[in-house]
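Add chains B, C and D to chain A, keeping to what the hints say.
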Amino acid sequence: MNAGKLLSYIILAIVVIAFVVSIALKGFLVTVGAFLTLFIFSFLYKDNPYYKFAEHLFVGASAAYWMSMGFWKTMVPNLFGKLYPPMVAWAVPALKNNPAQPLMLIPLVLGILLLMRLSSKAGWISRWALAFIVGTTAGLNLVRYLRSDFIQQINNTVFSLYVTNASGFDLGATISNVIIFGGVICGLIYFFFSKEHKGAFGAGARTGIIVLMITFGASFGYTVMARISLLVGRMQFLFGDWLGMIR
Amino acid sequence: MKDRLKLVVFLTVIAFIIQATVAFAQSEGETADSVISEQPVTPPPKPVIVSGEDIPNDNGHKLKLNWEYPAEWNDSIVRFEIYRADSPDGDFRRLGEAAGGIFSYLDIGSKKKDDPNYMPNDQNLYYRVDAVSKSGVTVQSEIGGPFQTSGQWFHKGKVPVLIGVVLFAIFTIYFIRSARKGKDLYIRPLAGIEAVDEAIGRATEMGKPILYVLGIGGASDIATIASFTILGRVAKKVAEYQTALTVPCYDPIVMSVAQDVVRSAYLEAGRPDQYSDDLVFFVTNAQFAYVAGINGIMVRDLPATNFYLGYFAAESLILAETGNSIGAIQIAGTDQITQIPFFVVACDYTLIGEELYAASAYLGRDPLLLGALKAEDWGKAIAMVLIIVGVLATAFGWDAFREFLRVNL
Amino acid sequence: MGNGHTEHKTLVERLQFIDRRIIFVFIGLAVVIPLLFGAVLKEETTPIVQTFFDTIEGLPEGSRVLLSFDYGPTTAPEIQPMVDAIVRQCAHRKSKMYMMALWATGDNLTGETIEKVLKPEFPDYKYGTDYINLGYQTGNQGLIRVLLVDFKMMYAVDASGTDVDSIPMMKNIRNLKNFDLIVSFGGGSPGIKEWVLYAGDPGKIPVGGGCTAVSAPLLYPYYPNQLIGLLGGAKGAAEYENALINAYPEYKGRKMAGMKLMMSQAVSHVVIMFFILFGNILYFIQRSRDKSRSMEAGR
Amino acid sequence: MRRTVPLVITLIVGTVLIVAEFVPHKPFGNLGDKFSMYFDIIAVFAFILGGGNLVRVHITKISRKKADWPFSAVTLAGFALVLAAGLFKIGNPGGIRGDVAVVGSLFNDLYIFIFTPLQASMFALLAFYVGSASYRAFRAKTVEATILLVAAFVILLGRTPFGLWLTGGFTGSWEFLQVPNLANWIMDVPNLAGQRAIMIGIALGVISMSLRIILGVERTYLGQDND
Numbered sequence: 001m002n003a004g005k006l007l008s009y010i011i012l013a014i015v016v017i018a019f020v021v022s023i024a025l026k027g028f029l030v031t032v033g034a035f036l037t038l039f040i041f042s043f044l045y046k047d048n049p050y051y052k053f054a055e056h057l058f059v060g061a062s063a064a065y066w067m068s069m070g071f072w073k074t075m076v077p078n079l080f081g082k083l084y085p086p087m088v089a090w091a092v093p094a095l096k097n098n099p100a101q102p103l104m105l106i107p108l109v110l111g112i113l114l115l116m117r118l119s120s121k122a123g124w125i126s127r128w129a130l131a132f133i134v135g136t137t138a139g140l141n142l143v144r145y146l147r148s149d150f151i152q153q154i155n156n157t158v159f160s161l162y163v164t165n166a167s168g169f170d171l172g173a174t175i176s177n178v179i180i181f182g183g184v185i186c187g188l189i190y191f192f193f194s195k196e197h198k199g200a201f202g203a204g205a206r207t208g209i210i211v212l213m214i215t216f217g218a219s220f221g222y223t224v225m226a227r228i229s230l231l232v233g234r235m236q237f238l239f240g241d242w243l244g245m246i247r
Numbered sequence: 001m002k003d004r005l006k007l008v009v010f011l012t013v014i015a016f017i018i019q020a021t022v023a024f025a026q027s028e029g030e031t032a033d034s035v036i037s038e039q040p041v042t043p044p045p046k047p048v049i050v051s052g053e054d055i056p057n058d059n060g061h062k063l064k065l066n067w068e069y070p071a072e073w074n075d076s077i078v079r080f081e082i083y084r085a086d087s088p089d090g091d092f093r094r095l096g097e098a099a100g101g102i103f104s105y106l107d108i109g110s111k112k113k114d115d116p117n118y119m120p121n122d123q124n125l126y127y128r129v130d131a132v133s134k135s136g137v138t139v140q141s142e143i144g145g146p147f148q149t150s151g152q153w154f155h156k157g158k159v160p161v162l163i164g165v166v167l168f169a170i171f172t173i174y175f176i177r178s179a180r181k182g183k184d185l186y187i188r189p190l191a192g193i194e195a196v197d198e199a200i201g202r203a204t205e206m207g208k209p210i211l212y213v214l215g216i217g218g219a220s221d222i223a224t225i226a227s228f229t230i231l232g233r234v235a236k237k238v239a240e241y242q243t244a245l246t247v248p249c250y251d252p253i254v255m256s257v258a259q260d261v262v263r264s265a266y267l268e269a270g271r272p273d274q275y276s277d278d279l280v281f282f283v284t285n286a287q288f289a290y291v292a293g294i295n296g297i298m299v300r301d302l303p304a305t306n307f308y309l310g311y312f313a314a315e316s317l318i319l320a321e322t323g324n325s326i327g328a329i330q331i332a333g334t335d336q337i338t339q340i341p342f343f344v345v346a347c348d349y350t351l352i353g354e355e356l357y358a359a360s361a362y363l364g365r366d367p368l369l370l371g372a373l374k375a376e377d378w379g380k381a382i383a384m385v386l387i388i389v390g391v392l393a394t395a396f397g398w399d400a401f402r403e404f405l406r407v408n409l
Numbered sequence: 001m002g003n004g005h006t007e008h009k010t011l012v013e014r015l016q017f018i019d020r021r022i023i024f025v026f027i028g029l030a031v032v033i034p035l036l037f038g039a040v041l042k043e044e045t046t047p048i049v050q051t052f053f054d055t056i057e058g059l060p061e062g063s064r065v066l067l068s069f070d071y072g073p074t075t076a077p078e079i080q081p082m083v084d085a086i087v088r089q090c091a092h093r094k095s096k097m098y099m100m101a102l103w104a105t106g107d108n109l110t111g112e113t114i115e116k117v118l119k120p121e122f123p124d125y126k127y128g129t130d131y132i133n134l135g136y137q138t139g140n141q142g143l144i145r146v147l148l149v150d151f152k153m154m155y156a157v158d159a160s161g162t163d164v165d166s167i168p169m170m171k172n173i174r175n176l177k178n179f180d181l182i183v184s185f186g187g188g189s190p191g192i193k194e195w196v197l198y199a200g201d202p203g204k205i206p207v208g209g210g211c212t213a214v215s216a217p218l219l220y221p222y223y224p225n226q227l228i229g230l231l232g233g234a235k236g237a238a239e240y241e242n243a244l245i246n247a248y249p250e251y252k253g254r255k256m257a258g259m260k261l262m263m264s265q266a267v268s269h270v271v272i273m274f275f276i277l278f279g280n281i282l283y284f285i286q287r288s289r290d291k292s293r294s295m296e297a298g299r
Numbered sequence: 001m002r003r004t005v006p007l008v009i010t011l012i013v014g015t016v017l018i019v020a021e022f023v024p025h026k027p028f029g030n031l032g033d034k035f036s037m038y039f040d041i042i043a044v045f046a047f048i049l050g051g052g053n054l055v056r057v058h059i060t061k062i063s064r065k066k067a068d069w070p071f072s073a074v075t076l077a078g079f080a081l082v083l084a085a086g087l088f089k090i091g092n093p094g095g096i097r098g099d100v101a102v103v104g105s106l107f108n109d110l111y112i113f114i115f116t117p118l119q120a121s122m123f124a125l126l127a128f129y130v131g132s133a134s135y136r137a138f139r140a141k142t143v144e145a146t147i148l149l150v151a152a153f154v155i156l157l158g159r160t161p162f163g164l165w166l167t168g169g170f171t172g173s174w175e176f177l178q179v180p181n182l183a184n185w186i187m188d189v190p191n192l193a194g195q196r197a198i199m200i201g202i203a204l205g206v207i208s209m210s211l212r213i214i215l216g217v218e219r220t221y222l223g224q225d226n227d
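Residue numbers (the numbering used here), protein chains in the order written: chain A, 1 to 247; chain B, 1 to 409; chain C, 1 to 299; chain D, 1 to 227.
Simulated from the structure, these hints should not be mistaken for laboratory data. Computed from a predicted model, the values in this text were never measured in an experiment. A portion of the hints provided could be inaccurate.
Below 20 Å or equal to it, Euclidean Cα-Cα: the simulated SDA-like pairs (lysine to any residue) are [said to hold, decoys possible]:
#1 C:K204 - B:R79
#2 A:K96 - D:G95
#3 A:K46 - C:F26
For reference, chain A alone in the conformation it holds in the complex (with noise of 0.2 Å):
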């Protein structure tokens, strides 16, 4: 037995009596939920048995999850308790005296033949239902993007760039108003694909790359906050609820 082994060993047994005896402390559940979020900040280390077994559980464990709410919160109520509510009654007696839509036929029979592509000879009849559902994806989205991002956003940029106040002329509020409408611009600039970025177009491209850059540092350096705020969660968890150290 090589020395590498023996420390893997030695680690297990410090994990179990440390799991043991935290449960006798602690209980259970309050336990569990430590040491999986030991498990999974171990990976910070690199990479090992522990965070493997955390993270098969968490990949097992949330595929069942979505499944089952799935189906009851779902299919149960949207698709049998419309089509045919006496079907489900005896799981979920409150829909019993609904009406029967017959129209939700359509969504059974397309998740019917999604459900073909398990048989290797009529798979390419899923395509159908596919079909539907891009279809739906692209019809939805073409009008709504074209009205809430594109029409209102360059609704939102048509503003006086002359800004006054109750003392007359604002020069802040002016120049900020100008550094939109600039960069606006210039980061659609940025974005034309079949021109070449050459000569005043060019500048206005590059102008607009450092428009962009201002906006990815700041919302970086934005999201710092919330990230750190999620660590002094799950350390409040740790020391607090676990361990008993802060008050």
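Frame of chain A, contents of chains B, C and D only:
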């Protein structure tokens, strides 16, 4: 003289009684104010229904009822109760109430016939408004109506949107057609795209796999659909170079589409035997479990090249930093504005927003898709022109332009 | 001499690419040490938070406040301090609290808030007359639209399955317009934006919100016309706690969650900034050396 | 046939939904909502594909004794346990009629004590990664990188009391130079401009992509084989 004296005494007594009542009422507490203001002995007047307007640009079943009421009574009316019936002498059903001082009510009826609140379109409706005073007196209005609601065939607030849809359709079709005729279109280079070949080549040289992450979008997210096209091109090259490919998926539908796409690509490259469904597999449908799984794949399989193309949320940086720690070349692209900065900071190449959608055209050099890119550029030109003209128009105090662009949601 | 010079240079080079685990350790310590010492950082209350506080403060006794828990455990560290502070304030003001959730994950957090804040700190507050947990309902913004017209259509029972008609405080609730204030806690969708668009605006009901720092910039545009106030991230929470302490002296000296969060925030920000500066200084040292070296070589 | 029918479906569905956006009248009015609901239902059917694939992948790993195969057993065990508690409502106080995620059920306990800590911990890793990413990437190597660095630095500084402490001396008309004010200005002005340009670009990309899909130009998602 005597009569006059009588009158004075009479009035004094009345005044005294009134004062006493007021004082008593005040000692009773809160209702005191209302009694004072409700001094006029006359009962509250009737509300007068003025109009019932159908709400425009909708499916019907909605009506705005307006009535009038003397302003001096505002303080003494607690609420108005609104009733509706199918006929003037029908059964009036209470719909709801409006506070005193408010003289309109939005009646949102049900579309369903079996609902008690059913409100038919294109049929006569009759309304009644009851004013309830603080002292509890209820006065009914005359019955108002008939009013009707109806559904409209066109949403007038969306004219600019309609113009936009038509314009873009024309552009796209025009440029696709001219591209089909063989007109040569210039497109500027995109660093992220040019690096794709190099990145695949590097993995081949090193004998390491390529990881392609489609993100946490569904098959209906446009970013995911754009990513499918890129995956097709990447998979074809990978098949030609005989490099290993791993595509872990978040959404089962995305997984099945990705399987189709990769299988087709291998077939096109003439190596259908190299394909197996094990290349493209489902991990899980939970954001962070998916990331945990991919992290595991990265540190164990040590891919030389990572692609992150599609819809990404907070997990972007976890992926990009883990990928960086194993020394992989990373090419990322997403349309999620909040995540682009993380990819820019932690990856070698990043396709910013729109560039992700353009990537499929770049990789395939398909004239049809290049034509669509040209149409997008025209869209950008229009946006710029609209902004510049709009700003000028505003400078000259002409607000109609801006009003036109205001979209009624 | 020359030998030492090259060795020193490799050190600069090495430091530029230090093992990232060293950075991890520093960030971990920056978060944990302030927590262990219970250090707090006070934040002066800004107007966007103060108006929110004043609105609740101005509600008469018995006002109805709808609290919607539209967040999950992952963002709870940021959001929960706001929830706790606002629940405390509502309890002091003797407002009636109606708790619900647009997010399935909000359900557990509602229960946790009741168990950890309301029950121990306000034992006189009675379920059914002073507060109620209505639980989660599916439907997202669709749910809000229905609630605006008919509340009991979607909430016929409370979270534990009790018929709401048998609960005293639900007696006069017909629709959302019966509430004096709606407060949504959450950063995602559906959340504050949906409450504003589908309830606040059409129903003319005041809406306030508490959200994550990330989503705050997207919501600022709604203040002050459509939102009475907004708490953004840990900073917003700490500012609210400051307002609470100023108004209710019994909280003075108490280390509240948002303020603790702010201390860890400040220290870890400084650590990150230090590393950025450190990295750049090393980079410039190396570059100037590279330059002088290439000049020597050119000579 | 195999290629044409899906393309026709996409064309019809897409066009109908565009029309529906402009026609509030029946039957178009709420077609978008309805179709989205259908989509949610179809997605649940797809879970069968996903769950099946997951089970298959891990059973293969175990049977072929691939690297780390014992951990695949952990995945399967977790999957089976949660599925039993969720789909079959084992350990639910209300039995099969109880709400699936009701407080006190095994399903809910598994969610709170296994799912939640794992999820929150993965999320919290980000706090470490923002540190390592900023140390590595924020170097003043090029003009662009310098701008990125300076913008991030000002925002970070504005989030700490040190920002105000360093620049509190600027008062009166110079007050805008105080770091917190500067940080807010960067967020509200140049950041806004950049975001807007990206948003308009993305909108155009989505519009173009949607048109390409509806017109059948973009069809990779349907696969390319003619089997």
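Taking the hints in turn, this is what the structure says about them:
{"no.": "1", "hint": "C:K204 - B:R79", "result": "holds, 17 Å"}
{"no.": "2", "hint": "A:K96 - D:G95", "result": "holds, 18 Å"}
{"no.": "3", "hint": "A:K46 - C:F26", "result": "holds, 17 Å"}
The earlier numbered hints are all upheld by this structure, with none contradicted.
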